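S.K.: For reference, the chains in residue letters:
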Amino acid sequence: NAGVTQTPKFQVLKTGQSMTLQCAQDMNHEYMSWYRQDPGMGLRLIHYSVGAGITDQGEVPNGYNVSRSTTEDFPLRLLSAAPSQTSVYFCASSNKWGANQPQHFGDGTRLSIL
Amino acid sequence: SQKIEQNSEALNIQEGKTATLTCNYTNYSPAYLQWYRQDPGRGPVFLLLIRENEKEKRKERLKVTFDTTLKQSLFHITASQPADSATYLCALPRSGGYNKLIFGAGTRLAVHP
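Protein chains in written order, with the working numbering: chain Z, 79 to 192; chain U, 78 to 190.
Everything labelled a hint here was simulated from the structure, so no lab data went into it.
You can trust all of the hints, since none of them are fake.
Facing chain Z, from chain U, some residues (calculated, C-beta under 10 Å):
| # | residue |
| --- | --- |
| 1 | 81 |
| 2 | 108 |
| 3 | 113 |
| 4 | 120 |
| 5 | 122 |
| 6 | 126 |
| 7 | 166 |
| 8 | 178 |
| 9 | 179 |
Part of the chain Z face toward chain U, derived, beta carbon under 7 Å:
| # | residue |
| --- | --- |
| 10 | 118 |
| 11 | 120 |
| 12 | 178 |
| 13 | 183 |
The list that follows gives simulated cross-link-like pairs (lysine to aspartate or glutamate, DMTMM-like), each with its CA atoms no further than 20 Å apart:
| # | chain 1 | residue 1 | chain 2 | residue 2 |
| --- | --- | --- | --- | --- |
| 14 | U | 177 | Z | 134 |
| 15 | U | 177 | Z | 151 |
| 16 | Z | 87 | Z | 116 |
| 17 | Z | 87 | U | 116 |
| 18 | U | 80 | Z | 116 |
| 19 | U | 177 | Z | 116 |
| 20 | Z | 87 | Z | 150 |
| 21 | U | 177 | Z | 108 |
| 22 | U | 80 | Z | 137 |
| 23 | U | 177 | Z | 137 |
In this text the structure is predicted, and so the values were computed from the model without any measurement.
Quick reminder that beta carbons are idealized off the backbone N, C-alpha and C, glycines included.
All chains, full assembly: derive it from the sequences and hints.
M.R.: Structure (structure tokens):
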């Protein structure tokens, strides 16, 4: 069972470059989200989607864009990479948007901005 | 603002003992609380969810308590094993619905043989 798949696993960018982090899930989950995880801090929500065609901002959305054209895919775009965006990025999905649904996470993309 | 506090220092225990991890929260009255396990280089994995009307919940060697008066959840692993070594995260729903969660920074557990 694939679950939530993130690519790439590692990436190094130069300041100002753009890139897209890919996320795909095969569980037919409606709700998907992107988090970043920094040392000593909890996961912070960047953007989320409650279904295809619907996205909204989370806690730390600046510098990131998302789109949700299909149920399965939820890519995260860095528009112009900055060193402050060096982090580990996790994509998650859950069944429906109920407040008691467990989150299913991918294994992350480790991103370094030089 | 909502805050979650987990002990930032690692918890070191001997194999076979019970590990107890703490999650404190402030300025909030969540309807439920979740616990996740995260291994190095991996994403968090859901373990347990406990609702505000449940004082205690068990799953195999895991036990979670939820004290809404103290604003605290305790996570216990009985008969701990080296394979239980990981970072454990607690998470609460954020106000505003849509299943938005706020996560604690996690506590690292190391179980020594």
